[in-house]
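The numbering of the sequence shown is the UniProt record's numbering, which starts it at 1 and goes up by one.
FYI, nobody ran anything at the bench for these hints, they're computed from the structure.
Be careful, since some hints might not be right.
[Stated by the list, open to error] Computed cross-link-like contacts, DSSO-like style, restricted to lysine-lysine with a CA-CA straight-line distance of at most 30 Å:
1) 440 x 405
2) 200 x 169
3) 200 x 160
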Amino acid sequence: EAAQAPEDARERAKLMLDVGANVTKVKSYLMENTGKIVSNSDVQNLRNQLREAKKGANPVITIVEQLQSVPGATVEVQESGGVISAIVYQSEAMVRIFEAYPEVLIFDATYKVNNRNMPLFLPMVVDGNGNSRVVAVILTANEEADTVTESQMGITASQKNAIIENLQKMVHSATQAKFESLYSELQHLGSPRFMEYFDKNWYGCRQQWAWCYTKLSMNIGLTGTQRLESFHRRVKGVTGRNAEMTSFVGDLLLVLRATDEELNHQSFDALNRPMPPPPRTSFLYSYYRVLTPYAFAHVQKEAGHISSTTVNDGLSKNREGILSVTRQSCQCAAFNAFLLPCRHILRLREQELLPLFHENLVPQRWLQRYWLSVTEMPSTDSSVTVHTTEKKEKRVLTETQKFRKAHSVCIELAQVASSVGMTEFNRRISLLEYVLQAWKEGTALGIEIQSEPLRREPLQHLPQGDRTSTSDDNVFDTFDIDALLGRTPSDWSIQNNRPGPNNSKQRNSPKLSDSPKLNDSPKLSVVIRLSDSLKLSDSSKLSDSSKLSDSPKLSDSPKLSV
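Kindly produce the complete structure, drawing on both the sequences and the hints.
Below, the structure is given as structure tokens:
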């Protein structure tokens, strides 16, 4: 019946079969469009006709022509005795990306992907934002690798287990001394034939597989070919196994094109929906502005360990051993893997009072502008101008998300608070303890910066009576005043003129004996106002105060002068 179907319906059915459509769905399509009964054998006949049509030409020559038809593509064919032994394909984008990120190349083969049994190689690199990018397609007739059996090595089953265990330890050796010690043990475990094979094929290239050596060169944290294996599974999910050669190449190009478009759109989204920035007063903000999101996440992680890192005379000790640290380099695995500032470099620069950010600390491959110059962005209407802005989160956070955000700020606050002398440190801790106690009692706090000098008054009690908490609608932003506090007197006092509703209750307050002496004639003071409610809509201006255009206006209330 299928042979009697209209020509257009038959051709559409062939096209459906060519792209891998289900036989039942093809049969259903033919019956709906022809009104005739169609059997499975009819559909199989169409499939056979399609297969015979493809056999008319040499499939290898056909796929070469298919690859050469891609605009700007480079196709190289290797022949041996008139037989094609290898085909290498690179698009313009592949060449550009490989030239931009050649430091690490992931290379492995996958098998049983086409009916010619040609192994497929998809060399892969990692771009500036941590994305896996295929930079070539290689089809070979065979790998031309010799097979070596256990009997040829002259080893027993028990020796084999001991050798495998030893080799696994060698792979993960943390130091070169440990590696050489394990190599000496291997010489006693293996037969002379095995050691001859190992020395010829593996020991000479130990820098490529032993951790104690690979950690000394840039590896972007890679320890295997997991990225490439994941992409191989994606390819096979589309092409299937042992696919007809021309169909296989067409499907492969489709996967590569779809993957590139997906990554390019991810890059576009990264520009228009950037991750929340760190505080502008933090050195991390400078890294945030120039690094790709992937590279910045690495630097941010290392910065979180600065306070727990010790560097003495340019040396630091950890599980890797004693590391030599300079202002721009380090022997640790984290630095060598990415060539980005590690915790040791940042700690040393902090001790030497050097800026923790410097453009010389950032390799070009991790720069955001370099990454964008290599990446093909999705085309947009020429009349539309795209602006990149830092968007503030407006979504309602869960309690866990709020805790994580507060925890991140508190960690940075602890780092800043502990970076000064004891006198200033005690003053800052007293201020933080006061804020903590006020929040526990449900008291709202605001910050106002004034130019008037502080009054030399004895410490008084905090306002008496119960205070009501502010409503959720009156949440306001506080400002990073640490830089300003560095220029204030090294003590503080409490001013309170508001009587409480219940005089029977007293609030605990910091002791005057715990605070240092007041300096004379301070030129700047920071006032923390306490209030039962904050009137964010109040448009009154603060007299003789610094301009804080982003700050809410605070109602008159008792205040804490610092």
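So, going through the hints one by one against the coordinates:
Distance restraint check for residue 440 and residue 405: the Cα-Cα separation of roughly 19 Å lies within the 30 Å cut-off, and the hinted pair is therefore satisfied. Our distance criterion of 30 Å between C-alpha atoms is met by residue 200 and residue 169, whose separation comes to about 20 Å. Using a Cα cut-off of 30 Å, the hinted pair residue 200 and residue 160 holds, with the two alpha carbons roughly 19 Å apart.
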